[in-house]
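Model the placement of chain U on the given structure of chain E, informed by the hints.
Protein chains in written order, with my numbering: chain E, 1 to 392; chain U, 1 to 181.
Please note that a few of the clues may not be correct.
In silico DSS-like links for lysine-lysine, alpha-carbon gap of 30 Å or less [said to hold, decoys possible]:
no. : chain 1 : residue 1 : chain 2 : residue 2
1   : U       : 56        : E       : 241
2   : E       : 315       : U       : 158
3   : U       : 61        : E       : 249
4   : U       : 56        : E       : 319
5   : U       : 56        : E       : 315
6   : E       : 249       : U       : 56
Computed, partial: chain U to chain E, Cβ under 8 Å [to be verified]:
no. : residue
7   : 60
8   : 64
9   : 68
10  : 91
11  : 99
Please keep in mind that the hints were generated in silico from the structure rather than gathered at the bench. Even glycine gets a Cβ: it sits at the ideal position worked out from N, Cα and C.
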Amino acid sequence: MSQVYEASRYQPPSALDGVQTKALIVGVVAAAISIAGFFLDRTQFFQSYLVGWIFWFVIALGCLGWTMIQHLTGGLWALVLRRVLEAAARTLPFFGLLFLPFVFGMEEVWSWTRPEAANDPLIQEKVGYLNQPFFWGRFAFYFVFWTVLAFLLSRNSAKQDEGDEKVTVRMRMISGPGIVLFVLIGSFASFDWLMSLEPHWFSSLFGFYFISSTALAAMLFMIVCAWWLHRQQPLDDVLTKRHFHDYGKFTLALVMFWAYMTLSQFLITWSGHIPEFTQWYDARNTGGWKSYTVPLIVLHFFVPFLILLSASLKKQPSKLVLVALYMLVMRFFDLYWQAAPNWHETLTFHWLDVTTLVAVGGLWLFVFVRELKRRALLPVGDPYLKEVLGHV
Amino acid sequence: MATQQKGPQLHGLMAEFATPTALVAAAEATRDAGFANWNCYSPYPVEGAWEAMGHKTPMSKLTFLGGLTGAVSAFGFITWTQVVDYAWNVGGRPTFSWPAWIPPTFETTILLAGLTAGIGMLAVNGFPQPYHPVFNVPEFVRASNDRYFLVIESADPKFDRAATTDFLRGLDPIGVHEVDE
Numbered sequence: 001m002s003q004v005y006e007a008s009r010y011q012p013p014s015a016l017d018g019v020q021t022k023a024l025i026v027g028v029v030a031a032a033i034s035i036a037g038f039f040l041d042r043t044q045f046f047q048s049y050l051v052g053w054i055f056w057f058v059i060a061l062g063c064l065g066w067t068m069i070q071h072l073t074g075g076l077w078a079l080v081l082r083r084v085l086e087a088a089a090r091t092l093p094f095f096g097l098l099f100l101p102f103v104f105g106m107e108e109v110w111s112w113t114r115p116e117a118a119n120d121p122l123i124q125e126k127v128g129y130l131n132q133p134f135f136w137g138r139f140a141f142y143f144v145f146w147t148v149l150a151f152l153l154s155r156n157s158a159k160q161d162e163g164d165e166k167v168t169v170r171m172r173m174i175s176g177p178g179i180v181l182f183v184l185i186g187s188f189a190s191f192d193w194l195m196s197l198e199p200h201w202f203s204s205l206f207g208f209y210f211i212s213s214t215a216l217a218a219m220l221f222m223i224v225c226a227w228w229l230h231r232q233q234p235l236d237d238v239l240t241k242r243h244f245h246d247y248g249k250f251t252l253a254l255v256m257f258w259a260y261m262t263l264s265q266f267l268i269t270w271s272g273h274i275p276e277f278t279q280w281y282d283a284r285n286t287g288g289w290k291s292y293t294v295p296l297i298v299l300h301f302f303v304p305f306l307i308l309l310s311a312s313l314k315k316q317p318s319k320l321v322l323v324a325l326y327m328l329v330m331r332f333f334d335l336y337w338q339a340a341p342n343w344h345e346t347l348t349f350h351w352l353d354v355t356t357l358v359a360v361g362g363l364w365l366f367v368f369v370r371e372l373k374r375r376a377l378l379p380v381g382d383p384y385l386k387e388v389l390g391h392v
Numbered sequence: 001m002a003t004q005q006k007g008p009q010l011h012g013l014m015a016e017f018a019t020p021t022a023l024v025a026a027a028e029a030t031r032d033a034g035f036a037n038w039n040c041y042s043p044y045p046v047e048g049a050w051e052a053m054g055h056k057t058p059m060s061k062l063t064f065l066g067g068l069t070g071a072v073s074a075f076g077f078i079t080w081t082q083v084v085d086y087a088w089n090v091g092g093r094p095t096f097s098w099p100a101w102i103p104p105t106f107e108t109t110i111l112l113a114g115l116t117a118g119i120g121m122l123a124v125n126g127f128p129q130p131y132h133p134v135f136n137v138p139e140f141v142r143a144s145n146d147r148y149f150l151v152i153e154s155a156d157p158k159f160d161r162a163a164t165t166d167f168l169r170g171l172d173p174i175g176v177h178e179v180d181e
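Extracted from the complex, chain E is given alone in its bound form (with noise of 0.2 Å):
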């Protein structure tokens, strides 16, 4: 069969323009009070701005991620919702400019940029990779990798659209040996970010709690936006309970792979019972920070796991909507709960949490609705496009 549906049927809907007019709002005003709060306390500014950044950054990566899995697999589920990952992999470079500010505030967040670190034994052994160079060289490599993965996959599925066939097994061989790669990259930016926050500690397990908590973060995303899709035209009789059902039990198998990475950290660390890999828990455990520990896997696994044990629900996009709202609440507290022990080591909250995460939120939607609005919602040139639509 020939190419018989009509790009211009699938037009972004005008509504996208007053979300990406409300999000630039929202943005600029919390992106304001937030700079007011680095003139108040710069330490805080920074290490609250690296939680939000990582928050929103990690659903642009992961939606990358989804991408290149939907070439590989074929999956239906994802192939309605193939523009919206494409639009969020291709703000990727943006996050990159967003993190530039950590140029002049590395002391604040990194603890091994200090300059007492010359002085701590353990961290002068690992001053080959722990330095500010390379970590400004690995970031560049980090986000040109990204961004020529992303936008290679993004232009040939728009060459996909004019009626290119060959490009469908294209995209698939640049999938392969990119998610590959992805993993890997994606792991060591979690080692530099994240993991060196507490430089003494180390967990090989580390990067792929962050692959599977990025895969989790942009599945929530996916969901939000499929809901937000399904209730206007043209996606309106594309977007089925069949497509929020694989959503919802995606959403339940990372919930549990959040908890089976989790837990398998912790008991490699609890079974050593070597002081060094002890510490990084021991600091989770003090301070107030235990009657945070545990609520978290309460409300982070269980409460999801059984909530999203119903079919039904799954079935009902506004109420498996809810349970995503609720589960990306969730992931800031895990993010938080990564971060910030490293800093405090009492249990502390700053109004600079939530407006820096307000202020990257907001002006991120603003450039993933207008990447969004570039091109038609459904990828009309997929040869596997017809088996979604069920007809012709």
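Relative to chain E, chain U alone:
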């Protein structure tokens, strides 16, 4: 005694369809007509047929209970052996060292949930079942190949040989067959 003609008893009436969509449409019509004892037969799970039949299955609840039994029994049993029955000092850790018990608890949960799902599915479907009247219809061999069947059983309170035959004919099947007991 009903005035049945001689020969084998009637198990029900079978309508034969060529496409899965026709089967789903027929199932919806049969459900709406108020029949209770009827079933669909197809070479593979037909999407929508299950919903059209309006069936409820206890399997999800049974599987959940199986998993719960696995979790509670494994965690409970290890607790009993390690804390009550034979407390043993392992590397100076507390006797109630629950983190080490999570992996076996998890595995037992999966095992019992999986076994309950597998065996329970067979039991709820009434297997093993060496004999079923539908195989008395020669055309039924194609149920495992390329044909879709709907059978209304004579045990149904609304069943009436003539009227039900007319009803099935009205669903536009390839043919309607009588199924002998």
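- Query: Any hints this thing doesn't respect? Which numbers, in order?
  - Reply: Hints 2 and 9 not satisfied by this model.
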